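Peer 1: Listed below, chain by chain, are the residues.
2 protein chains.
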Amino acid sequence: MSIVVVGSVAFDSIETPSGRVDHALGGAATHFALAASYFTQVRVIGVVGEDFTAANEDVLKKRGVDTSGIEHVAGKSFHWTGSYTRTLNEADTLATELNVFETFTPKIPASYRDSEFLFLANIDPKLQARVRREMSKVKMVCGDTMNYWIKDHSAALAEVLVDLDVLLINDGEAKMLAEDANLVRAAQKILEMGVKSLIVKHGEYGATVFFSGRSFPGAKPETCATPFRAPALPLAEVVDPTGAGDSFAGGFFGYLASQNGALTPANFRKAMFYGGVMGSFAVEKFGTERTQKLTRGDIDARFEQFRALSHLD
Amino acid sequence: MSIVVVGSVAFDSIETPSGRVDHALGGAATHFALAASYFTQVRVIGVVGEDFTAANEDVLKKRGVDTSGIEHVAGKSFHWTGSYTRTLNEADTLATELNVFETFTPKIPASYRDSEFLFLANIDPKLQARVRREMSKVKMVCGDTMNYWIKDHSAALAEVLVDLDVLLINDGEAKMLAEDANLVRAAQKILEMGVKSLIVKHGEYGATVFFSGRSFPGAKPETCATPFRAPALPLAEVVDPTGAGDSFAGGFFGYLASQNGALTPANFRKAMFYGGVMGSFAVEKFGTERTQKLTRGDIDARFEQFRALSHLD
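If you're matching them up, the sequences are chains A and B in order. When you line the first sequence up against this note's numbering, it's residues 214 to 526, in that order. When you line the second sequence up against this note's numbering, it's residues 214 to 526, in that order.
Simulated from the structure, these hints should not be mistaken for lab results. Note that the structure is predicted; figures quoted are calculated from it, not measured. Just so you know, not all the hints are guaranteed correct.
Copies of one chain are not kept apart here, so a pair can be met inside one copy or by any two copies together.
Result set (EDC-like, lysine to aspartate or glutamate): computed pairs, CA atoms no more than 16 Å apart in a straight line [to be verified]:
no.: 1; residue 1: 402; residue 2: 450
no.: 2; residue 1: 364; residue 2: 392
no.: 3; residue 1: 498; residue 2: 347
no.: 4; residue 1: 506; residue 2: 372
no.: 5; residue 1: 506; residue 2: 405
no.: 6; residue 1: 498; residue 2: 513
no.: 7; residue 1: 388; residue 2: 450
no.: 8; residue 1: 350; residue 2: 511
no.: 9; residue 1: 364; residue 2: 393
no.: 10; residue 1: 483; residue 2: 517
no.: 11; residue 1: 402; residue 2: 365
no.: 12; residue 1: 274; residue 2: 450
no.: 13; residue 1: 352; residue 2: 393
no.: 14; residue 1: 498; residue 2: 526
no.: 15; residue 1: 350; residue 2: 310
no.: 16; residue 1: 402; residue 2: 329
no.: 17; residue 1: 483; residue 2: 271
no.: 18; residue 1: 350; residue 2: 264
no.: 19; residue 1: 388; residue 2: 327
no.: 20; residue 1: 339; residue 2: 376
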């Protein structure tokens with residue numbers, strides 16, 4: 214089983230109350246791929262510039278990630294500069310240098326075409342829709358988006374949503390997308406847009422999944438029942454929140470893919486927990502530092518912490 | 214087993230996006246007592262004016278609540294006017310008419326002195342401390358407070374905290390009390406103030422308990438282990454958030470008291486769920502309307518919803 218992820222591979226310069234880092238390896242596809250790599254084979258589609266070194270690519274390769282879909286072009290890689298010194302809940306973007314990412318045209322290697330799972334990280338919904346069409350045989354598609362696309366590209370986004378098995382967004386994005394301040398009503402409206410299930414991320418409070426009545430391929434009807442909420446781990450220090458959401462998506466989708474596509478309610482719930490687990494690791498160090506060097510033992514020990522945190526027995 | 218609660222018995226005039234209500238029965242002690250009454254005997258200490266009718270008192274009596282500690286004096290009852298039209302997460306106070314509550318001097322009826330449990334609702338910490346001293350033989354004391362006391366009456370509050378088994382406050386209050394923006398560090402600091410356990414309420418995201426190393430009377434050491442988080446129920450309509458926190462406290466403490474003071478980790482966790490359950494009912498209608506007319510069957514059915522919402526199996 215393998216997951217294709219399309220999204221940004223970038224450098225991030227980040228300041229937080231814990232310190233700062235310059236040109237750290239980042240980007241949604243990078244965070245997603247590293248987190249998912251502990252569960253299943255991951256294949257990346259992205260674009261980088263000449264500043265992206267073999268050492269950068271080795272970070273992914275060492276985790277067994279297939280990087281043959283990362284296109285190298287003339288110019289500089291996407292570079293994001295942000296600060297969390299005002300609040301850790303939201304980044305203040307200081308600079309967005311799109312560079313080679315501005316003209317990104319995803320190209321799917323022939324060797325990727327047999328993948329069963331597809332993750333559409335936060336990019337232009339027109340590109341998401343195109344990749345989705347070209348990967349028409351996948352069993353399951355998850356996607357992310359952000360305020361920018363919701364606000365100014367809603368028509369293009371609607372074409373992506375109609376075909377998604379799982380949309381992963383945060384509270385504010387869900388309420389903006391549905392134009393409703395109540396989360397349950399917002400979720401209902403988003404499910405009516407065609408999304409089969411909606412995971413709403415609550416940051417330090419965890420994440421909630423809402424299911425539509427439309428079952429997934431291979432899933433039994435009871436998949437589409439009552440909502441389920443996974444906690445987040447209370448942490449005494451959040452060093453760098455960047456990539457937490459993409460790491461959540463990687464843990465979630467990676468675990469689901471590792472179950473041979475058995476989209477049972479029990480597996481979906483466990484996948485939500487693994488999402489929280491990978492998100493909790495991601496924020497403990499700057500950039501991808503923590504997620505690069507985990508063991509499956511670390512991950513399963515933290516999974517048990519999540520269980521103890523939330524279970525009566 | 215019985216709980217004595219000392220706090221406000223009041224009238225609330227409330228506006229929310231769902232409508233408005235004028236002079237509805239409210240107050241922290243009222244919400245707490247009604248919620249806890251489904252689990253154990255509750256005895257109220259408060260003060261009301263001439264506008265507090267026999268019909269008002271019957272709301273409590275019908276639920277078996279002992280109202281002999283509600284003092285009737287000349288003047289008007291405490292009247293709070295608030296609006297949630299800006300956001301349901303926080304009330305905008307439009308008017309606080311303390312009236313007879315301004316000179317409230319709690320008097321503990323002799324018949325209350327054998328109670329094993331004490332809840333100090335949100336009142337002047339000097340009064341909380343006095344009641345605590347006079348009820349020195351209780352097995353367990355829970356308390357609430359608010360920004361006003363944290364900010365301007367910290368010395369008096371400190372004397373209450375040093376002796377509390379459980380403090381129930383919300384995120385903002387915890388961070389203000391500890392002067393730390395990180396919840397885990399804030400919790401550690403509050404536990405160092407003497408509080409044996411701290412329940413931080415997250416509104417629609419549930420509540421988390423943090424334990425100190427100091428065990429409760431009768432509790433085994435493992436009570437004081439890792440944190441535990443109870444979810445809140447995602448609701449499509451929150452009609453009136455007033456009293457949700459006091460209803461949480463009532464469900465939590467009422468359930469614990471009903472277990473004959475067996476403060477086991479398992480009972481503490483279940484009590485947190487019952488807190489969430491009672492909070493979720495409270496917000497479904499204005500004032501105390503919903504909490505007046507529940508059955509234990511309603512409550513236990515919702516408890517199972519909370520379990521399904523949060524449990525892997």
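Peer 1: Could you run down the list of hints and mark each one as holding or not?
Peer 2: Consistency of the hints with the structure:
1. 402 to 450: between (36 Å within a copy, 14 Å between copies)
2. 364 to 392: within (11 Å within a copy, 37 Å between copies)
3. 498 to 347: Neither, since 36 Å and 50 Å both go past 16 Å.
4. 506 to 372: neither (38 Å within a copy, 47 Å between copies)
5. 506 to 405: neither (40 Å within a copy, 35 Å between copies)
6. 498 to 513: Neither way: residue 498 and residue 513 sit 19 Å apart in one copy and 42 Å across, limit 16 Å.
7. 388 to 450: So residue 388 and residue 450 pass the 16 Å test across copies only (14 Å; inside, 28 Å).
8. 350 to 511: neither (34 Å within a copy, 46 Å between copies)
9. 364 to 393: within (14 Å within a copy, 35 Å between copies)
10. 483 to 517: Close inside one copy (11 Å), not across copies (19 Å); limit 16 Å.
11. 402 to 365: Neither: 19 Å inside a chain and 45 Å across chains, both beyond 16 Å.
12. 274 to 450: neither (29 Å within a copy, 48 Å between copies)
13. 352 to 393: Neither: 31 Å inside a copy, 46 Å across copies.
14. 498 to 526: neither (32 Å within a copy, 32 Å between copies)
15. 350 to 310: neither (34 Å within a copy, 67 Å between copies)
16. 402 to 329: neither (28 Å within a copy, 49 Å between copies)
17. 483 to 271: Classified as neither; 30 Å inside a copy, 48 Å across copies.
18. 350 to 264: Classified as neither; 35 Å inside a copy, 71 Å across copies.
19. 388 to 327: Neither: 36 Å inside a chain and 51 Å across chains, both beyond 16 Å.
20. 339 to 376: Close inside one copy (13 Å), not across copies (61 Å); limit 16 Å.
When the structure is compared with the earlier hints, violations turn up for hints 3, 4, 5, 6, 8, 11, 12, 13, 14, 15, 16, 17, 18 and 19 and for no others.
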